[in-house]
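Engineer: Single-letter residue listing:
2 protein chains.
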Amino acid sequence: MRLAMLLGPDLEALTSDPEALKETFEEFHPEDVAELLEDLPASTVTGLVRALPPEMGADLVERLSPDRQEQVIMELRPTVAAGLLAELDPDDRVDLLQELEERDARKLLAQLATDEPEKHEETQELLAFEPESAGGLMTTEYVGLAPDMKLWEAVEEVRRLSRENEAETIHYVYVVGFGDKLLGVISLRDLILADPGQTLADVMSEKVMRVPPETDQEEVARLIARYDLTAMPVVDPQEGMLGVVTVDDVVDVVIEEATEDAQKQGGVVPLEDTYFSTGLVEFVWKRGIWLIVLFLGQLLTATVMEQNRETLLATVELALFIPLIIASGGNAGSQSSTLIIRAMAVGEAKPRDWTRVLARELFIGMALGVILGLMGFARGYFGGGGLDPLSFATAIGASILAIVTLSTMIGSLLPMLIRRVGLDPAVSSTPFIASVVDVLGLIVYFGVARAILAALV
Amino acid sequence: MRLAMLLGPDLEALTSDPEALKETFEEFHPEDVAELLEDLPASTVTGLVRALPPEMGADLVERLSPDRQEQVIMELRPTVAAGLLAELDPDDRVDLLQELEERDARKLLAQLATDEPEKHEETQELLAFEPESAGGLMTTEYVGLAPDMKLWEAVEEVRRLSRENEAETIHYVYVVGFGDKLLGVISLRDLILADPGQTLADVMSEKVMRVPPETDQEEVARLIARYDLTAMPVVDPQEGMLGVVTVDDVVDVVIEEATEDAQKQGGVVPLEDTYFSTGLVEFVWKRGIWLIVLFLGQLLTATVMEQNRETLLATVELALFIPLIIASGGNAGSQSSTLIIRAMAVGEAKPRDWTRVLARELFIGMALGVILGLMGFARGYFGGGGLDPLSFATAIGASILAIVTLSTMIGSLLPMLIRRVGLDPAVSSTPFIASVVDVLGLIVYFGVARAILAALV
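One line per chain: the protein sequences are A and B, in this order. Be aware that the first sequence starts at 1, since it is given in my numbering, and climbs by one per residue. Be aware that the second sequence starts at 1, since it is given in my numbering, and climbs by one per residue.
Rather than coming from a laboratory, the hints here were simulated on the basis of the structure. Certain hints may be false.
Copies of the same chain look alike in the list, so a pair counts if it works inside one copy or between any two.
Stated by the list, open to error - Pairs of lysine-lysine residues, derived as BS3-like cross-links and limited to a Cα-Cα distance of at most 25 angstroms, are as follows:
id, residue 1, residue 2
1, K107, K350
2, K207, K107
3, K107, K286
4, K22, K286
5, K181, K22
6, K119, K207
7, K22, K207
8, K350, K119
9, K207, K286
10, K350, K150
11, K119, K107
12, K286, K150
13, K22, K350
14, K286, K350
15, K181, K286
16, K150, K207
17, K107, K22
18, K150, K181
19, K150, K119
20, K119, K286
Bear in mind the structure is a predicted one, so any value in this text is a computation, not a measurement.
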C-alpha cells in the first residue's frame, strides 16, 4: 500500500477501525504520515489522532507543524489532549505548550496536573527556561545512575528504563552523585565493553562537557559540533544534572538558525513558520517594517541630491553615473558584511579582531576599488558629453575607488561594532549596509567630482 | 596545568620526552589542542606529532585546518606520514588526501599501498566518490553482521571490533547478507535489551533508510535531520552496504552549507577556508569576479540614464529621487529572493510551486508598494521644485508602487527559474537581484514619470 493512498476514501473507513488504522500507520515513518496530514482538514487529523493509541498519536502530533498541533490539541477533549501531552517527549511537550494561547496552555496544564501530576511537574520545570536556550532545548529523560553501581546492574537498569519509555535514544549513561551532581559519563558502547563486575566509577570518564541552562542554543550547537558529541548535559550552578540536549535537536537548531540569519541578512524579520504557512498579513508586516526603516534612511539620498542640485543642473552627466556608482559601493559593502557576520556567527571572528579585519578589508577594498575604478574610468571616458573626457573619466574612476574602499570598511566594521555594543550583528543586513553606503557614496561622489571638475562647474 | 601553558617553553622540553608529552596531551580534548597548534610554526607541530604515539598524532592531525594538515604531512618522512594516514578515520584520510597536491597524494598513497595494503584499498574506493556526496562523507567503519548470529555473539563481536578501533562511535549494528546486502538494522540499545539467545534476524528492523553514494550531502543532511537518525547507510545499486554517514559529520555539513549559502547570497564565491585563513589574493578574486559581473550589468543603468538625458535636463528634480526609488525596489526584491532561496534550500518550496509563490508575492508586493508609494508621495510633494506638486508626487508614488511590485515578483520568480533550469538558485544573490531591479526600475521610473508629467516636459 502506497503512503499517498492514506489520503483516499480509505482514510474514513480506517478511522472507524482502530486496529487496521494502527497496522497501516506502523508501515510508515510518522514523519511521512505527518507531512501528508498537513494538507488534510484539521478535523480529519483530529479524528485520526483520536482513533490511534495515545503513544502513536503523540508520535504523529509531535511531528505536525505548530499551527496544526494547536488545531488538533484544541479540538480534542481536555482529558484526551492531556493524555496525548503526557505521551510526548518532555521537550516537545513544552514546545507545544509554548505555541498555544496562554489561556489554552493553562487549561491543559491544569488537566495534566490532575491526570499526570509527575509529568506536570516536569513540564513546569522546563517551561521556566527560555525556548532558545539549552534549558529550553533539553529533555529530562536521561539515564543517571549511582557511581557504586556495578556495570551489569547498570545494563539491567538501562534495560528497565528503556522498556518504560522508548522515546529518546540513549547513547550515554551519566553517573550522578548526591543531588544529581554530575560525576562522569560512560557511553553505551563502553558499558557493554568493560568487565561487568566493575563499578560505574571505575570506568566512567570524568571529563564531561556540560553547559548551564541559560546557554544560547547556538552555543550548544557549536560545542556539540566542535567536539562531535551525541548529547550535552545541562547542569545547574551546583553541577546537578537538569537534562540533556541531544544531537538530533541540534541539527534542527542549526538549520533553523541558518534560516533566521539568512532572513535577517535579506532584511526580513525572521519568520516563525515556513514560507507557505506564514500568513500574508504577517509577511507584509515582517517585510514592511524593515522596508519602511530603510526607506526613511534612504530619504537622506534625496536630501543629498537636493543639496547638489546646482551641480547637477550645471553637469547633468554626473547624474547619469549615480546608479552605477552607488551600486558598486553597495555590492562591495554587502560582501564584507556578509563575510563578517557569518564569520562571527560560526565563531571564527570576534569584535576584538577588528584591527586584523580592518587591515585585510582595507587592502581588499582598495584592490577591488582599483579594478572597478578602472572600468568606471573607461566608461566615463565616453560618457561625459561635452566635458573634457579625461577629467570626467578621472572623476568617475576616483569616485568608484573611494566609494568601494569606504564601503568595504563600513561593511566589515559596522557588524562588529553592532555586536560589540551587544546587538545582533545580523541587523546590519545587506539592504541596511547598502542604504548607509548609498548616502555616503553620494556625498563622496559629489565631493570628488566637484573637486576634479572644479574648472568645469 | 592550563592548556595555554603548552605554548610556553615547556613545549620544547615535552617534545623530547614522549611519555610526559603523551600524559600532558591526554588531559585535554584534541580539538582544543589542535586549535592552539594553529598559531604555532608548522615545524613545531610536526615535531609534536612525531613525538606522539601514532593514534594520538592522528587524533590531532585530523582536527587541524586543511592547510596545517598539508604542511605537517609533507614535513614527515613518507613512512611516518603513511603510518599516520593509516591511523586516521577513513573519511578523514580521504579528505586529507584530497587537499594535497595530486603528486604528493599519489606518493603517499604508494607508500600506504606498501605499508598498509588493506587501508590503501579502502582509501582508493572512497577516493572514487565526489567529496560533497554521501560517498565522500561516509566512513567504511561500520559494524555489519550476519542475520543468523545470536545477539550474545553480536555483542561479543561489537566488543572485539571496538577494541581494535576506537575511532568512530557505534550506534547501530547493520545486518547484512550475501555481498554485504543490507537486510536490517538494530540499535545498540536494542541489542542489549533483547533476549541474548535470539538471532539478529529476529529482532532487526527491516525498514532501514538508505541512500546511494551519489546523493548530495545536503540531501543526506536533510534526511538525517528529518528522521532524527544518528547514522545513514550508503548502499550500491545492489543494496550492498558501502558505508555509513554519521550525524556528527552531518552537523558540520549543515554549518558549512549555511556558510556557503550566506556567502553566495552576499555575492561572494564561497570560500574554502575560514575568513582569516583565506589569502588576500584569493579574496580579491572571489569577490572581484562577482563585482565585475555586477558592474558590467550595472553599466546598463548608465545607458538607460543617457537615453533619458533630455528628460533629466528638462526636469532635474526627477534625478533627485533616483537613488531612493531604485533602492526601494532593490530592498523589496532582496527580501523575496532571500525568502525563496532559503525555502528552496530547506525543501519547503519547489520550482513547481511557482504559481502559489506568484500569487502570494503579487499581493505582498502590492501591499508593500502602496505603503512605500504613499511615503514617496509625501516626500515628492515637497521635492518637485517648480513643478506641480500633486503631479510630481503622483509620479514618484506611482513609480514606487510599480517598482516595488515588479521587484517582489522578480525577486521570487528568478531564483525558481534559475533552479528550474538546473543551476544553483543562490547565484541570484541579493546584489544580483538588486542590479536587475535597478535597470528595470529606471526604465519604469522614466516611463511612469514621463507619462504623468507629459504636460510639463
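Engineer: Hint by hint, note whether the structure agrees.
Structural biologist: Hints, one by one, checked against the model:
1. K107 <-> K350: neither (46 angstroms within a copy, 40 angstroms between copies)
2. K207 <-> K107: neither (43 angstroms within a copy, 40 angstroms between copies)
3. K107 <-> K286: neither (31 angstroms within a copy, 57 angstroms between copies)
4. K22 <-> K286: Neither. Shortest intra-copy (42 angstroms) and inter-copy (55 angstroms) distances fail the 25 angstroms Cα cut-off.
5. K181 <-> K22: neither (42 angstroms within a copy, 30 angstroms between copies)
6. K119 <-> K207: So K119 and K207 fail the 25 angstroms test inside a copy (31 angstroms) and across (32 angstroms) alike.
7. K22 <-> K207: between (45 angstroms within a copy, 17 angstroms between copies)
8. K350 <-> K119: This pair counts as neither: shortest intra-copy Cα distance 42 angstroms, inter-copy 41 angstroms.
9. K207 <-> K286: Result: close neither inside a copy nor across copies, 45 angstroms intra and 42 angstroms inter.
10. K350 <-> K150: Cα proximity of K350 and K150: none, with 47 angstroms in one copy and 54 angstroms across.
11. K119 <-> K107: within (15 angstroms within a copy, 62 angstroms between copies)
12. K286 <-> K150: Close neither inside one copy (57 angstroms) nor across copies (59 angstroms); limit 25 angstroms.
13. K22 <-> K350: Cα proximity of K22 and K350: none, with 53 angstroms in one copy and 32 angstroms across.
14. K286 <-> K350: between (29 angstroms within a copy, 23 angstroms between copies)
15. K181 <-> K286: neither (45 angstroms within a copy, 51 angstroms between copies)
16. K150 <-> K207: within (20 angstroms within a copy, 35 angstroms between copies)
17. K107 <-> K22: Classified as neither: same-chain Cα gap 30 angstroms, cross-chain 59 angstroms, threshold 25 angstroms.
18. K150 <-> K181: Within. Shortest intra-copy distance 19 angstroms satisfies the 25 angstroms Cα cut-off; inter-copy 38 angstroms does not.
19. K150 <-> K119: Neither, since 30 angstroms and 38 angstroms both go past 25 angstroms.
20. K119 <-> K286: This pair counts as neither: shortest intra-copy Cα distance 37 angstroms, inter-copy 55 angstroms.
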